[in-house]
Structures are given as C-alpha cells and as structure tokens.
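We have chain G already, so just place chain E on it with the hints.
There are 2 protein chains.
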Amino acid sequence: MIGIRFSLYPMRDDFVPLILAAVKDLDRLGVEVEVDDVSTCLLGEEPHLFEALRVAFGRLARSGAHVVLSATFSAGCPGEPDGDVCVPRAYNGPSGGEEGWSEEAYRLPDRVSAQFALYPLGLSGYMDAIYSEIERAKQAGVVNVVGRHFCTHLYGPGGAVFDVLRLAFTETRAHATHSVMTVTLAANSPSLTQDDQASTSAI
Amino acid sequence: MIGIRFSLYPMRDDFVPLILAAVKDLDRLGVEVEVDDVSTCLLGEEPHLFEALRVAFGRLARSGAHVVLSATFSAGCPGEPDGDVCVPRAYNGPSGGEEGWSEEAYRLPDRVSAQFALYPLGLSGYMDAIYSEIERAKQAGVVNVVGRHFCTHLYGPGGAVFDVLRLAFTETRAHATHSVMTVTLAANSPSLTQDDQASTSAI
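Protein sequence lines, in the order shown, are assigned to chains G and E.
Counting from 1, one number per residue, gives the positions in the first sequence under the numbering used here.
Counting from 1, one number per residue, gives the positions in the second sequence under the numbering used here.
These are calculated hints, taken from the structure and not from any lab test.
No distinction is drawn between identical chains; accordingly, a pair holds when it is met within one copy or between any pair of copies.
Here are the simulated DMTMM-like pairs of lysine to aspartate or glutamate, each with C-alpha atoms no more than 25 angstroms apart in a straight line:
1) Lys138 with Glu80
2) Lys138 with Asp37
3) Lys24 with Glu99
4) Lys138 with Glu34
5) Lys138 with Asp36
Excised from the complex, chain G in its bound form:
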C-alpha cells in the first residue's frame, strides 16, 4: 500500500477555485482520490501517484500565486491494507517522457524551493539510509542541496526537484518496508534567501 496525503496552499483570496482546479479529474490518471477538509489522499501505483502530484502542483503554480504543496508519502505502513490500490486509467490525452505521463506532469515551474525529510521505520540503521539519500541528491548535481535542522532543502527546477524526491523515496523503500517522506514545496515565493541566490549561480 502506497499513497500520498497532500495539501495545496495558494496564498490568495480566491484559494478555493484555485485548489479545485488543481485537483480536478486527478482520478482519470489512475489514482483513487479521497478528500477531507484538511488534505487530499491519493492511493494507487507509484508512477501514477507522482504523476498526479506533479499535475496538481503544476496547475496551481501556473496561477502565478505564491503556492505551497505539503505532502506525506507513505509506503508499507503495517496499519494499512496490503498491496497497491489499482485504479483504471482513463486519461487519453497527449503524453510525454519515458513514463508516458500526461504532458501536464512536465509543466512545472522553472524554480522551486523544497524541504524534505525521510523516515525509514522499524530499522536500527535508518540514519545511514537517510544520509545516503542526501548524498545522492548532492551527487546528482541538478539541484542545490542545503542542510537544515530536521530536513534537507532543495533549490532547482521543478521537474528536477520532483525527480530527486521520487528517487530518494524509492531508494529508502529498498531499505525499510515502511517508509515515509515529507515534502514542503514552494513556488513563486516573494522570499529569496542567500542560499537560493547562491544556488542560482551554482547550477
């Protein structure tokens, strides 16, 4: 059982239509969508989950508003049913990339800022698994990686950041059956830190 629980935060008076437009018809991509008053839960197979999240975030970011995605990725939780949720895929539009994802999944901001943390559970050597993924993100060289208290901060193009996050989660799952990753991903922010400025020239 793998899934993503996420929320979208457009810092705008008209946040309701922006959110509704971002999550519209995600179930056509092959994921089960459950909505409550705080977050949206996606269940399905791994590629479809990442596709749906990228689509939702990309749509929201293209509004131009300062937007944040907060997400918890969870796989293998013993408290959940076994096995992936399989949902028929109804999407027939144009697709791209080796994944065959919808084109929208690649329409991401040129620049995002993301903080993530990995929690491989039930494992005594979990810190080594975490350090490996931070090192892998640095070695990839496509995003700027900054260490922070309790998380790791990535600055870079939206697509590259999503790719780093996806790989980190996949690799962590190879160590721990039950793995969790939390992500806070921002676009169009009026804040620009020195780290971000440094990364602009570093990439």
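Quick look at chain E alone, frame taken from chain G:
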C-alpha cells in the same frame, strides 16, 4: 535537541504581513528562531516551543483568514547536536495557566481541524507506540478522533487539540529517543465535512 520546523499559510492576498505579524518577537518567549524561504525553525526547551507555536498560530487565526499551520516536531535526532538549546526568556507580560505561558498562548480558535502522524524511529515495536497515542487521544474525550490513511484527524477546540498533540509527542519520546510528529492544523476553513458535523454533536 528538540525543535519544531513549521510554516504558516494564510490563504489571503496579504499573506506577507499576516505571517510576519504572527512570528514577530517569538524569540522573546525563550526560543531560537531561524527563518528561511520555506519554513521557520524553533529550537529551545519543550514548553517554550509549544508556547511559541500556539502564539504564532493563534495570532494568524485571529485574522479571520483561512489559515493552516504545517509543522514537524523533532526530538533526539542523531544528526543534530545533543541537548536542548537554552535561550533566555525576555517575556514579562501577563501569563496564564499552570505553564506560566503568555496569555496569547491560550487565545486559540474555538474550533480547529488537525491531522497528525507520529514516527518513533529506530524501534521495531514502533506501531504499538503509535496505536497507544491514538487510543490515548480517543480516551481523552475532548476532541473527536477520526482515523485516516497515513494520519489521525482531530476535530475540537484549539487549546484541547494542541494539548493532545503535545501529550502524544511527549509519550512517544518515552518510547523512542528519536521521535518525529507531523501536524497539519487548519482554522476558519470553508470546508465542513460530515466528520466535523458529527463531532460537533458528539462532544
């Protein structure tokens, strides 16, 4: 080493002044405050951390905007320095409650909706620790507790919800030296689910 990394999301065009007003002078409460372009990190001693978070969220919620707090509580991470960060407390205003917190720490919304998850790390019996805290939240009887995929949902008065979260984190730390808790806490939401309506009559 214990700390909280959090972000505040007011769904409003004027989000910048609202956020700045919410986090103003938090360091006077006895916490170290580090700000970056995605989140704010508080370091200090446990009571001051919770006080500062309550103050910041309460201020933001009183704006009347639909607001969300997203927070990661972390204690005992082996990747961080040992020991709590001790910061002088400069606050001399009116205080209340047995904690001696500033009065602002108790000015919380009558009704909040919060999703939380606990991650006791490096422990094979971690699921039992999690189930214990969900059961403890139910037994407390002051908030409505709803099970969801990958998290537990609390509906109730702001103060009671913060108390449940604080106790859950404290008790989890008794099981696992390195413990993490994630929280998404919303107020003034235009959404009202059936669960919330049910809880209104159940409490």
